[in-house]
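Engineer: Here is how the chains run, residue by residue.
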Amino acid sequence: MDGSEKVHRPSAVSVAPDAMDRELLTRMHLTMVRIRHFEQRAIELFMAGELPGFLHSCLGQEAVPAGVCAALREDDYITSTHRGHGHVIAKGLRFDRMMAELYGRTTGYCKGKGGSMHIADFSQGVLGANGIVGAGIPIATGAALSAQMRRSGQVVVAFFGDGATSQGAFHEAANLAAVWNLPIVYVCENNHYAVSTPVSRQMRVSSVAQRAAGYGFPGVTVDGNDPMAVYEAAREAVERARSGGGPTLLECRTYRWMGHYIGDPATYRPAEEVAWWKERDPLALFERRLIEMEILSQEEIERAHEQVRAELEAAIEFARQSPVPAPEDALRDLPQ
Amino acid sequence: MSQIYYRQAIRDALREEMRRDERVFLLGLDIGRFGGTYKATQGLWEEFGDERVRDTPLSEAAIAGAAVGAAMTGMRPVAEIMYMDFITIALDQIANQAAKLTYMSGGQARIPVVFRTQEGAGRSSAAQHAQSLEAWVAHIPGLKVVLPATPYDAKGLLKTAIRDDSPVVFIEHKLLYGIKGEAPDEEYLIPFGQARVAREGTDVTVVALSRMVLKALEAAEELAREGISVEVIDPRTVAPLDLETILASVEKTGRLIVTHEGYTRCGVGAEIATQVVEHAMHALKRPPRRVCGRNVPIPFAPVMENYVIPQAADLVKAVRELMS
Numbered sequence: 001m002d003g004s005e006k007v008h009r010p011s012a013v014s015v016a017p018d019a020m021d022r023e024l025l026t027r028m029h030l031t032m033v034r035i036r037h038f039e040q041r042a043i044e045l046f047m048a049g050e051l052p053g054f055l056h057s058c059l060g061q062e063a064v065p066a067g068v069c070a071a072l073r074e075d076d077y078i079t080s081t082h083r084g085h086g087h088v089i090a091k092g093l094r095f096d097r098m099m100a101e102l103y104g105r106t107t108g109y110c111k112g113k114g115g116s117m118h119i120a121d122f123s124q125g126v127l128g129a130n131g132i133v134g135a136g137i138p139i140a141t142g143a144a145l146s147a148q149m150r151r152s153g154q155v156v157v158a159f160f161g162d163g164a165t166s167q168g169a170f171h172e173a174a175n176l177a178a179v180w181n182l183p184i185v186y187v188c189e190n191n192h193y194a195v196s197t198p199v200s201r202q203m204r205v206s207s208v209a210q211r212a213a214g215y216g217f218p219g220v221t222v223d224g225n226d227p228m229a230v231y232e233a234a235r236e237a238v239e240r241a242r243s244g245g246g247p248t249l250l251e252c253r254t255y256r257w258m259g260h261y262i263g264d265p266a267t268y269r270p271a272e273e274v275a276w277w278k279e280r281d282p283l284a285l286f287e288r289r290l291i292e293m294e295i296l297s298q299e300e301i302e303r304a305h306e307q308v309r310a311e312l313e314a315a316i317e318f319a320r321q322s323p324v325p326a327p328e329d330a331l332r333d334l335p336q
Numbered sequence: 337m338s339q340i341y342y343r344q345a346i347r348d349a350l351r352e353e354m355r356r357d358e359r360v361f362l363l364g365l366d367i368g369r370f371g372g373t374y375k376a377t378q379g380l381w382e383e384f385g386d387e388r389v390r391d392t393p394l395s396e397a398a399i400a401g402a403a404v405g406a407a408m409t410g411m412r413p414v415a416e417i418m419y420m421d422f423i424t425i426a427l428d429q430i431a432n433q434a435a436k437l438t439y440m441s442g443g444q445a446r447i448p449v450v451f452r453t454q455e456g457a458g459r460s461s462a463a464q465h466a467q468s469l470e471a472w473v474a475h476i477p478g479l480k481v482v483l484p485a486t487p488y489d490a491k492g493l494l495k496t497a498i499r500d501d502s503p504v505v506f507i508e509h510k511l512l513y514g515i516k517g518e519a520p521d522e523e524y525l526i527p528f529g530q531a532r533v534a535r536e537g538t539d540v541t542v543v544a545l546s547r548m549v550l551k552a553l554e555a556a557e558e559l560a561r562e563g564i565s566v567e568v569i570d571p572r573t574v575a576p577l578d579l580e581t582i583l584a585s586v587e588k589t590g591r592l593i594v595t596h597e598g599y600t601r602c603g604v605g606a607e608i609a610t611q612v613v614e615h616a617m618h619a620l621k622r623p624p625r626r627v628c629g630r631n632v633p634i635p636f637a638p639v640m641e642n643y644v645i646p647q648a649a650d651l652v653k654a655v656r657e658l659m660s
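Going down the list, the sequences are from chains A and B. The first sequence begins at 1 in my numbering and counts up one residue at a time. The second sequence begins at 337 in my numbering and counts up one residue at a time.
So that you can see chain A by itself, here it is in the shape it has in the complex (with noise of 0.2 Å):
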């Protein structure tokens, strides 16, 4: 987005506070709470040298895997993205194997052959997350497919960023679900930038939820820094899905607070646009709101954090004290 688009106030789907209950309400936050603190500490341990390979962080993410995943029964699926820890977290993956995962120890959910960029486990319905931009479109389409021949009841998310929507994978695979009214939500960070480069520089339309016209299904774009609205316009898509009415594009607009990589110095963005987005931190807000709305008194949120700082503490100490594979571990796990 460029400079003049910072203002742009997302059409936020008004949710009445009444309409959520305060089980959903305080479990969203706990997602938020979990994603902040993981992410917030995977970047410690990687600026430290603890962690191999490069970390995409979704800091500055959280309401959209926490809204769109709290819609979500735990036998839907999942595809997921190179910024996925959010993701999988919200989709109900363990702290102690994920980050097994990062330090490459045989404990991670992927036995260390996978890394940050691939956590999967199937059966959460995590389907992986995906290194490649706008592969997870077409798997995700795929399992939907199955969903649907199956009678399963199931329905798919795929998430992806805005940058995967100018793939032709993501194209090819919107097309097919509208032919053939898959049950699936393609969910789109709009976290405004492809790595460097700017919405505007990516696609002539003014949002991507437009793009949904061209496949013959609804678009919707909501304010990807509020939960609550995240949640609403996330419940109706999978309802619409599960009930046999098809696939919805649903656009979170959003904002990565680091760079595309730890290490991105993200000097293509402007100093005042990271602080107007900042001041918008989709948790901190939403706090302010659960304690107005009287959901949650200073102290349970506090006591949130506690918990689940203790929580990841112990999961970095699991992953610490877990066995390095073995090198000729390399040649196992091979299709059979």
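Since the hints were made in silico from the structure, they are not lab data. Just so it is clear, CB atoms sit at the ideal spot from N, CA and C, and this is done for glycine as well. Treat each hint with caution, since some may be false.
Estimated spans, in silico, between C-beta atoms of each pair [what the hints assert, rightly or not]: (1) D391(B) <-> S200(A): 37 to 45 Å; (2) N181(A) <-> H615(B): 53 to 61 Å; (3) R369(B) <-> G214(A): 23 to 31 Å; (4) Q202(A) <-> F636(B): 38 to 46 Å; (5) Q40(A) <-> R355(B): 53 to 61 Å; (6) K375(B) <-> N181(A): 23 to 31 Å; (7) T538(B) <-> R332(A): 35 to 43 Å.
For this one, chain A is given, so just place chain B on it according to the hints.
Structural biologist: Chain B alone, transformed into the frame defined by chain A:
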């Protein structure tokens, strides 16, 4: 035993597996009412309907990707890529996704998907409808690559491919669909990684892929009249490769020719020849020879097309040279 066409063998294998397992379904361009560009799926839509014989938009990446996603979640899709040349558009899903997700997820993902396609020159289809690109997929760990040369093998191998729990690229040849061969009436499967000795011989080993098996047999027949005994080996699957059968033959003959329509440079033949040199150098009386596609795009005019694709006469000449 019956005489069946190669295309019928493909169709019979699909039909039998679809009747046997309701998770098996087909998706691809024009495979339904139209019956497939080469009529390999003719009659299946009539029996199994829209849901299990799925015509798709013109969309190879979506066909392949949807097949991968469906395979990961309990189905057993058979995706058709109409021409192997079009696999370029689907290659991310095949080479980066299907081939890698099992490994990358630490063994969690099971991806029982078959990518059916066809390759080969000889119909003046020019450079984008005639390539033999098996080397591209055989290069990638995590993919099984099958190239049946006979109706018997086409049926038995396709049934095995569909029952396999991992990704298989099944490569037919467009000029084989119309050939006939014997196949049992009762059910049979052919395991992967077992080469077929198509003709026994003692002087030269010719390892031939796909339609080149037929040309190699033709050459062997001609050479037999000159008193040269050629052994023709059809690996049938290049990943996994049955090296043992090839090595046993080379131990006997001491001479090796590899032949395929795919480009010579970095082709599967180079891999086979290298493995033979690594394991049986002692047995080789002469350096191995490649009689493979020339390193140019496939031209349109028949006279040029025939020139760039190996012919039986090229094999006869190469064998004579090795014997001189």
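Engineer: A separate judgement is required for each hint: does it hold in the structure or not?
Structural biologist: Status of each hint after checking the structure:
1. Between D391(B) and S200(A), the C-beta spacing of about 38 Å keeps the proposed range 37 to 45 Å intact.
2. Distance hint check: the CB atoms of N181(A) and H615(B) are about 54 Å apart, consistent with the given range 53 to 61 Å.
3. Remark: the range hint 23 to 31 Å for R369(B) to G214(A) is upheld by a beta-carbon distance near 26 Å.
4. The hinted window of 38 to 46 Å between Q202(A) and F636(B) holds, with their beta carbons roughly 39 Å apart.
5. Remark: the range hint 53 to 61 Å for Q40(A) to R355(B) is upheld by a beta-carbon distance near 56 Å.
6. Distance hint for K375(B) and N181(A): a CB-CB separation of about 29 Å, consistent with the stated range 23 to 31 Å.
7. The hinted range of 35 to 43 Å is satisfied by T538(B) and R332(A), whose Cβ atoms lie roughly 42 Å apart.
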